[in-house]
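Protein chains: 4
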Amino acid sequence: MTRVAILGGTGYTALELIRILLRHPDVQITAVTSRSETGHIGVVHPSLLGRLDLKLENLSPAQLRDRADVVFGCLPHVASMEVVPQLLDVGLKVIDLSADYRLNDAAVYEQWYGHAHTDTGRLQSTVYGLPELFADRIPGQQLIANPGCYTSTSILALAPLLAGRLIEPIGIIIDAKSGVSGAGRTPKLNTLFAEANENFTAYSVGNHRHTPEIEQVLTTASGQKVEVIFTPHLVPMDRGIFATIYATPTKVVDQKSLLEQIRSFYAGKPFVRVTDQIPTTKAVSGTNYCDITARVVRGKVVVMAVLDNLIKGASGVAVQNFNLVCGYPEETALIC
Amino acid sequence: MTRVAILGGTGYTALELIRILLRHPDVQITAVTSRSETGHIGVVHPSLLGRLDLKLENLSPAQLRDRADVVFGCLPHVASMEVVPQLLDVGLKVIDLSADYRLNDAAVYEQWYGHAHTDTGRLQSTVYGLPELFADRIPGQQLIANPGCYTSTSILALAPLLAGRLIEPIGIIIDAKSGVSGAGRTPKLNTLFAEANENFTAYSVGNHRHTPEIEQVLTTASGQKVEVIFTPHLVPMDRGIFATIYATPTKVVDQKSLLEQIRSFYAGKPFVRVTDQIPTTKAVSGTNYCDITARVVRGKVVVMAVLDNLIKGASGVAVQNFNLVCGYPEETALIC
Amino acid sequence: MTRVAILGGTGYTALELIRILLRHPDVQITAVTSRSETGHIGVVHPSLLGRLDLKLENLSPAQLRDRADVVFGCLPHVASMEVVPQLLDVGLKVIDLSADYRLNDAAVYEQWYGHAHTDTGRLQSTVYGLPELFADRIPGQQLIANPGCYTSTSILALAPLLAGRLIEPIGIIIDAKSGVSGAGRTPKLNTLFAEANENFTAYSVGNHRHTPEIEQVLTTASGQKVEVIFTPHLVPMDRGIFATIYATPTKVVDQKSLLEQIRSFYAGKPFVRVTDQIPTTKAVSGTNYCDITARVVRGKVVVMAVLDNLIKGASGVAVQNFNLVCGYPEETALIC
Amino acid sequence: MTRVAILGGTGYTALELIRILLRHPDVQITAVTSRSETGHIGVVHPSLLGRLDLKLENLSPAQLRDRADVVFGCLPHVASMEVVPQLLDVGLKVIDLSADYRLNDAAVYEQWYGHAHTDTGRLQSTVYGLPELFADRIPGQQLIANPGCYTSTSILALAPLLAGRLIEPIGIIIDAKSGVSGAGRTPKLNTLFAEANENFTAYSVGNHRHTPEIEQVLTTASGQKVEVIFTPHLVPMDRGIFATIYATPTKVVDQKSLLEQIRSFYAGKPFVRVTDQIPTTKAVSGTNYCDITARVVRGKVVVMAVLDNLIKGASGVAVQNFNLVCGYPEETALIC
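Protein sequence lines, in the order shown, are assigned to chains W, D, Y and X.
Per the working numbering: the first sequence = residues 1393 to 1728.
Per the working numbering: the second sequence = residues 1393 to 1728.
Per the working numbering: the third sequence = residues 1393 to 1728.
Per the working numbering: the fourth sequence = residues 1393 to 1728.
It is worth saying that the hints were derived from the structure and are not from the lab.
Hints are not guaranteed to be accurate.
Same chains, same label: a pair holds when it works inside one copy or across any pair of copies.
Stated by the list, open to error - The calculated BS3-like cross-link candidates involving lysine-lysine, where the alpha carbons are at most 27 Å apart (straight line), are:
(1) Lys1580 / Lys1643
(2) Lys1447 / Lys1617
(3) Lys1692 / Lys1617
(4) Lys1580 / Lys1617
(5) Lys1648 / Lys1580
(6) Lys1447 / Lys1692
(7) Lys1692 / Lys1580
(8) Lys1648 / Lys1447
(9) Lys1661 / Lys1580
(10) Lys1447 / Lys1643
(11) Lys1447 / Lys1661
Source: prediction; values computed, not measured.
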């Protein structure tokens, strides 16, 4: 039995984490923290009514250490790097869902996030928690940087074809579409129902923070410099990411060879489903699956990938990382 | 040509007012005010891009008098009663969309709105701007209290049957459902897309502020004390109100006699459509219509009424009032 | 291990059944039937890709007996009563999700469903599968009539107050709102996205088929004749039912005493959550919970209840019945 | 006054046409036809209740000639080319909203639509009704081929940059997203609410019928062979198209020069709004506007364009064409 605490319990990723961890036979949730709220978890998240008898608490690292073995960090960036070093110092293991430990380069972090990084010593060594690529590095780690949602979708779609040298690494276009829960639970004008509903738009065109993360991981994983044009869009639905990706093949390819390469790359990986059909976000909603297909259109490679931004894009992969870190079977609590 | 100013231009009712008034052949919009924003109206409301060349301004009553003949007040309650007296003092006509001048009784206002009313002298004399009931009192008025959205739906559905003494005035149940735009454009947790979408709930059960307004107007209009049980609900859609109303008949009635009474009551009224079919909010979306039908189920009278909360429930009826106040044909700019 | 077959595998209730049963440690799904389709289950229901390696088949009762111990019937009414007797004759246990065995009285069935019942001999003896009321009668049964979705919501909300004689059994108003999945997966005009989205309407006012079912079960359960006015509405969301119920108290009651009676009635029942808050459909979406609260408004009792029409309203309660029939713990596979 | 008939009155484009034409001061709608339905237009389209007193009729070309001067054809492809020649023969003017007269080449038509064209003699001479490009050719024509919705979005976005030789004409990627009303009013599984809601997917990847139409018109308009990779997606909203378009610049460009070229190209065109902001489908919903912006991202040109698929993408531009054909001011009935 592993005792688990969740840091920053009011948001959607915390809610999904709790839902998943309540299914985990070897986990006991012992604390859920918040700096702003103190209510019962069943009042803050009514879907948890009767399922978890905890109040939100404001706990110090020392208090957390007394209660938990592993901490899931659901804090915003900057806030996360302020507390993670203290958690590590008291001996806790941390799965950090923020962006603070994803980028290797402090200068790149500062450029995209507008804050100087205050824990630069850990940037190079922290393992990027995308188990389909780095499963062998995750077991036993004390700190895992859980990937971004757009990032996982894009990387899972592209890694096999880059690894197989089937597509050019430069000039890849990622046209990505996300449900609104990706924007979080803090009230903002553009995510109000009456603004986002019956609406479709792009945002952060050319400057979304997942861009350097996608490029860094794909560059590392494929051993060649990768450059992408990344355009995120907001879809009037709760959850789901659909990425339509356009790349130039390095040689003549067809749909069959693309799918074979992707299937072979993910052989034995339980959460990637390579499909002949066009994937839909609905088919992966609430699950830890990423569904991928590919087509060739007028000589261009078109890869399409979907996942649930809150599960495989955040809290599901966090538990997948947790399982690998702690030595539980990778799929525990994640097939439902 | 009447010069018109809109007070409080950032919200949804202001946006709809502008859209309607741009169609009005005898109106010139000369000012749109805001205390918090100063941007161009085409930036604040992108749908107005290229349609109205005005910036949001913070204008005094004197400045407004120099620019306009009539002011539409889209301020929140309390804010409205602070400025309306000044507007009237400088000679402006005011169509006030807030709740501040709807209730006749200052004590009732204070009880439901939690603020002492500061312009009590006008409460008795202000005309309630529901033209289907009070069209003869509206022309020439300097101040009109524009009705609430739930209120108009409920009153329009019930007034004919109460007037005809076909239903008991006590114990009427109004089960009302509204799209989310009714909650306004200020970011709040419960109206975030990811909260309101794929969700249905009730709110303000037994204590919604439109309750005393419904009762006051129906009591006045029917000459008998009316009491309602009013339950509002939030529907995951932008706009539209559907009221399902249950009342006890005073004698044996059938569907035909109910519809005849409602049809006869609204004869010659251009914006109420009495229908044999079950109304839908979609059929009135974007329009100034209120569609009504009635049924008898197990001896109970069931009245169903729909309108667009932003149009017939707010800005459309405001222009209807404006037309009557200024002597334009009632339907001007409102049939589209 | 119990071998399970699903009859009529193309619809939403079958999909949800499969999802739930895949979590059940003691169940093996051995067949999914369809008379119209023959594709792989992962193509018909892409969310099941890689999760269940079966093709849709058209199987006879004898073939089903060779493959399965228990059959879940997801056929439409009429179709169900044509095949259920054959399944029972070959010794299969049947959880029937259709309406065919819910009503005790063949004449009432014919009146509301427009077909003469062809298996009248079983109507009196078939157990109505609402475990919160009839758990002691379900174990060991060969045939269970799984309740309707509106029905379960209404009965669970009203049974405690009727049992406690706190409300009058006549004149109860049930104003119910349902997501669109309740209408099934057969393409129809009124459930097209472009019709149902941004729309709210009532339907089957005064003549919905769940009316006699609600009345029969509440009459049986409470020992007094119950009559309801039932109005269903269509909400633009996938799933969820919200029932707002108005009843006349038999004596002066307050919120506290109502909640106490409901809590006490459901003590030990794992899937009913009595709450002080207003319930929301989102809090029970994807779960087998029914959340209930109550208020007193102007002397009327207002009960509000929510459930997921596809889970607690159909496939979840079907598995709950299955567990009780087969002797598995009631909650198996249903807490997620 | 021009008498107008609408052929195929049950669909969404017919409904929008009627709504727009009811605002037209010089139009009288004299007939709405259907081969399948005979109901009153206010029953088939409840939003038209009380607005148009016509029943759906099945009328011959000769009967139509006695009633109307101009016919709007809202029939499906193939059905349209069967009747349009007869309408022209009896002297009617026709604005055809189907795809039958859009492509110049009968072989291309047959390849993409799977039917031999039966009126090939008119394919070369029929004017393509995109007024922003071909306004000078439209006046006085007897037959206008009204453009497709994706087509107009794509062409309006790309024509200025191709005309200015700012982008390469080959390898243009059009990633387009459409609301569900674009799929029409005929019930189909994939456009059911419970399928399309909370879902996002691509369809017809590499083989959508608007591809040859986009290429033909852009090739003609720009005088150079244009080739596109076109990927349509389905968005869970009623209406709106958002196209994100990626092209390779012919020389170094910046956002300013792109916007200047687009602005200059559309100078004096009332329905194209070039904007610095990212456009949103909501800002053009219900209007005849197409909003366009452009960006440069990592050396690629990214053009974004939005329009309402039922208005500027279908019925609005049809009335714009009608106005030009008949000599009315282009904007009549289209600014609202």
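Outcome of the hint check:
1. Lys1580 / Lys1643: neither (46 Å within a copy, 39 Å between copies)
2. Lys1447 / Lys1617: Neither: 47 Å inside a chain and 44 Å across chains, both beyond 27 Å.
3. Lys1692 / Lys1617: For lysine 1692 and lysine 1617, the Cα distance is within 27 Å both inside one copy (20 Å) and across copies (18 Å).
4. Lys1580 / Lys1617: Neither, since 36 Å and 43 Å both go past 27 Å.
5. Lys1648 / Lys1580: Neither way: lysine 1648 and lysine 1580 sit 44 Å apart in one copy and 30 Å across, limit 27 Å.
6. Lys1447 / Lys1692: neither (53 Å within a copy, 34 Å between copies)
7. Lys1692 / Lys1580: Neither, since 38 Å and 31 Å both go past 27 Å.
8. Lys1648 / Lys1447: Classified as between; 23 Å across copies, 53 Å inside a copy.
9. Lys1661 / Lys1580: neither (38 Å within a copy, 35 Å between copies)
10. Lys1447 / Lys1643: Intra 58 Å, inter 37 Å, cutoff 27 Å: neither.
11. Lys1447 / Lys1661: between (37 Å within a copy, 24 Å between copies)
The structure fails to meet hints 1, 2, 4, 5, 6, 7, 9, 10 from the earlier list, while all remaining hints are met.
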